[in-house]
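Spelled out, the chains give:
Number of protein chains: 2
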Amino acid sequence: MISKKIEKALKGSSAIRAMFIEGKEMAEKYGAENVFDFSLGNPATPPPEAFHQAVKDLLDETDSLELHGYMENAGYADVRSAIAENLNRRFGTEFDAHNIIMTVGAAGGLNTIFKTILDPGDEVIVFAPFFGEYRQYAANFDAEIVAVRPNLETFQPDIKDFEEKITAKTKAVIINTPNNPTGVIYKQETLRQIASVLERKQAEFGHDIYLVSDEPYRELVYDGNKEEFLTKYYRNTIVGYSFSKSLSLPGERIGYVVVPGEAADAELLISGIEISNRTLGFVNAPSLIQKAVARCLEEKTDVGFYDENRKKLYEGLTKLGFTCIKPEGAFYLWVKSPVEEEEEFVQEGKKLHILMVKGSAFGCPGFVRLAYCVSLSTIDRALPAFAELAKVYGL
Amino acid sequence: MISKKIEKALKGSSAIRAMFIEGKEMAEKYGAENVFDFSLGNPATPPPEAFHQAVKDLLDETDSLELHGYMENAGYADVRSAIAENLNRRFGTEFDAHNIIMTVGAAGGLNTIFKTILDPGDEVIVFAPFFGEYRQYAANFDAEIVAVRPNLETFQPDIKDFEEKITAKTKAVIINTPNNPTGVIYKQETLRQIASVLERKQAEFGHDIYLVSDEPYRELVYDGNKEEFLTKYYRNTIVGYSFSKSLSLPGERIGYVVVPGEAADAELLISGIEISNRTLGFVNAPSLIQKAVARCLEEKTDVGFYDENRKKLYEGLTKLGFTCIKPEGAFYLWVKSPVEEEEEFVQEGKKLHILMVKGSAFGCPGFVRLAYCVSLSTIDRALPAFAELAKVYGL
Chain A
6 MISKKIEKAL KGSSAIRAMF IEGKEMAEKY GAENVFDFSL GNPATPPPEA FHQAVKDLLD
66 ETDSLELHGY MENAGYADVR SAIAENLNRR FGTEFDAHNI IMTVGAAGGL NTIFKTILDP
126 GDEVIVFAPF FGEYRQYAAN FDAEIVAVRP NLETFQPDIK DFEEKITAKT KAVIINTPNN
186 PTGVIYKQET LRQIASVLER KQAEFGHDIY LVSDEPYREL VYDGNKEEFL TKYYRNTIVG
246 YSFSKSLSLP GERIGYVVVP GEAADAELLI SGIEISNRTL GFVNAPSLIQ KAVARCLEEK
306 TDVGFYDENR KKLYEGLTKL GFTCIKPEGA FYLWVKSPVE EEEEFVQEGK KLHILMVKGS
366 AFGCPGFVRL AYCVSLSTID RALPAFAELA KVYGL
Chain B
6 MISKKIEKAL KGSSAIRAMF IEGKEMAEKY GAENVFDFSL GNPATPPPEA FHQAVKDLLD
66 ETDSLELHGY MENAGYADVR SAIAENLNRR FGTEFDAHNI IMTVGAAGGL NTIFKTILDP
126 GDEVIVFAPF FGEYRQYAAN FDAEIVAVRP NLETFQPDIK DFEEKITAKT KAVIINTPNN
186 PTGVIYKQET LRQIASVLER KQAEFGHDIY LVSDEPYREL VYDGNKEEFL TKYYRNTIVG
246 YSFSKSLSLP GERIGYVVVP GEAADAELLI SGIEISNRTL GFVNAPSLIQ KAVARCLEEK
306 TDVGFYDENR KKLYEGLTKL GFTCIKPEGA FYLWVKSPVE EEEEFVQEGK KLHILMVKGS
366 AFGCPGFVRL AYCVSLSTID RALPAFAELA KVYGL
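Protein chains in written order, with the working numbering: chain A, 6 to 400; chain B, 6 to 400.
Isolated chain A, as found in the complex:
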């Protein structure tokens, strides 16, 4: 007596989550130090100290009914103002509180955006490889994902394929840079091309197409790359942000959506997202945590920590003969499978206690994803296992 959609979902559940549970089981069986779990994007650095202090101060200073009570579905006005000002200062934007809606993480944000804009039968374009959950989020509103091919050398989107995939049914395009799972940052030139295709296609089909920018990795950039904010490239951009990675708070479910005033039907979008926040059952983003992140907007996660991991893993695997895409942001390494069926490679890795996620889970077979948000010592201990794995394939 379960629904048909869930019956189907139970069959093809998240490969990443399944591996998360498998990793915990393996750690119990073999000892945590003997399992090299690169499966889940769970931050490996603690939140900045200021965060804990902010929570404690709020408990001491703020009226409890205010701190833990209902507020407007969009979130506390003071929190939203603080975020708008922070974005304006960093990116030269001109937002105020009403452009910001606090959400239950980016996943909650994307669902409220999708509920607001998608009708059954609509198409949402994604750039492969892409976070597999986008498919579920679109399916929640009976819309479908259409995947655009990447360039298999650079993992920038194939712009020609993008142009061809847009149809009269295209209501939205999801973009995620720095990218999960590749770690690639889309070049300014790519962003300009995407914007230009969208402008042209909007004119051709006579309706708006929203670019939904999923930005949980916005601040996680290396090698002098700059943080980007995509609303400047394309008017109809809606941003979904999460503090999961920037403040190491994935379990707290805190993020926000930005609807710029210049977006088509901006006021309707804002009201729609606010209502969706309520009717989908989020109601509002967690209240204490809303106030706490507002006090930590200038705080940064320890990018140097991930950078060290990145270098060690990328260089280590490359030296062993694996073909890796050099990550420019986020905390993922995208590795070419030495055999066509990457599932086989994943299984071989598992024998050596290495947990990797197959590329097919991201709509891009032939590759695997390694989440290097682990301790440096895990990478140190994993490299000999990778050396064994390389031998299996004669690298």
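Derived by calculation from the structure, the hints in this document are not laboratory data.
Treat the hints loosely; a few may be bogus.
For identical chains, the list gives no copy identity; a pair is met inside one copy or between any two copies.
[What the hints assert, rightly or not] Think about it this way: if two alpha-carbon atoms lie no more than 30 Å apart in a straight line, the pair counts; the simulated DSSO-like pairs of lysine-lysine are: (1) Lys317 - Lys13; (2) Lys9 - Lys174; (3) Lys206 - Lys9; (4) Lys9 - Lys170; (5) Lys206 - Lys331; (6) Lys237 - Lys9; (7) Lys206 - Lys13; (8) Lys174 - Lys16; (9) Lys174 - Lys13; (10) Lys324 - Lys61; (11) Lys341 - Lys192; (12) Lys9 - Lys317; (13) Lys29 - Lys206; (14) Lys317 - Lys341; (15) Lys206 - Lys34; (16) Lys396 - Lys331; (17) Lys174 - Lys305; (18) Lys231 - Lys192; (19) Lys61 - Lys305; (20) Lys165 - Lys192; (21) Lys174 - Lys331.
Start from chain A and add chain B according to the hints.
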């Protein structure tokens, strides 16, 4: 370019939420002490002291990566065990961690339940008057609400009407006792009759019908009434709980779902709800708050505070000539409108700065709801305004 569903929702948005915002505006205009806002169920007592202490202790004692990180979508195993044990002790049930799924409040819980069991075109029975958001939650999955008439004296459900409203399409029944908006507790006899009708109809239609018990007010009972736990009446009961009222944490979005092992397809339900928690974008209930409530399961909100309000408001309004249903639980007073169109009564009240919610918002016109989760002094100051209002109608 917004979706058709949201376009419709924007037209008929929540009467309660609209009034919440109107109340804040009126408070700014006339001064908070001159506005008598009985519109929203926002608890008026602070969380127990132990809650703040638990949060502080957790920050000091628990590893940050554990405290703010991802866990299984169902929530921390230790938190779910603690809740199962607490329920078992109080209600003689036999749950373990795997029967409990932590959710983003009861609203999040109901949506994950509905996603798991509802197919498009299914019907969900509700007992009028009912929390208006149930309609949206069902609509999220293209299912429809079918309302059962109450007895207009006792506000127990009309069992004959219930029996007639169940069809082959009925997949679920929502029950909410202590009830929002009436404050009535469904009698044991009512619960037995509901169970018996459901058993009969299950046999008649040859499929399971789930009773979904929405229990945010479980512990808010007066006059020696006992807390109830509905799984003992009917095998196919799924419970949605929230700590919003019991620990005064509505903004924190924390609750849980219970799927008893004896429910039909229990294991599929559990997996489905867990997956829905992820795919709807909740991912998991807020992590720090999960751990904090697990330390406060023996704590109680100040029921005496609400009880004093209840008596003062019920007696005050009854003495003024209003017809009130005596509340036995929750923190709502259900008042008969002196005129047939209760919207007119609501508007008259507003002229005297009294904010009430129209019964139509709960599928039961001719009545209004007063949320008495306010300070006692608000009631004291409101009574003269109600006296004015009584005069308008010659009471």
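Please flag the earlier hints that this structure goes against, numbers listed from lowest up. 1, 5, 10, 12, 13, 15, 17, 21
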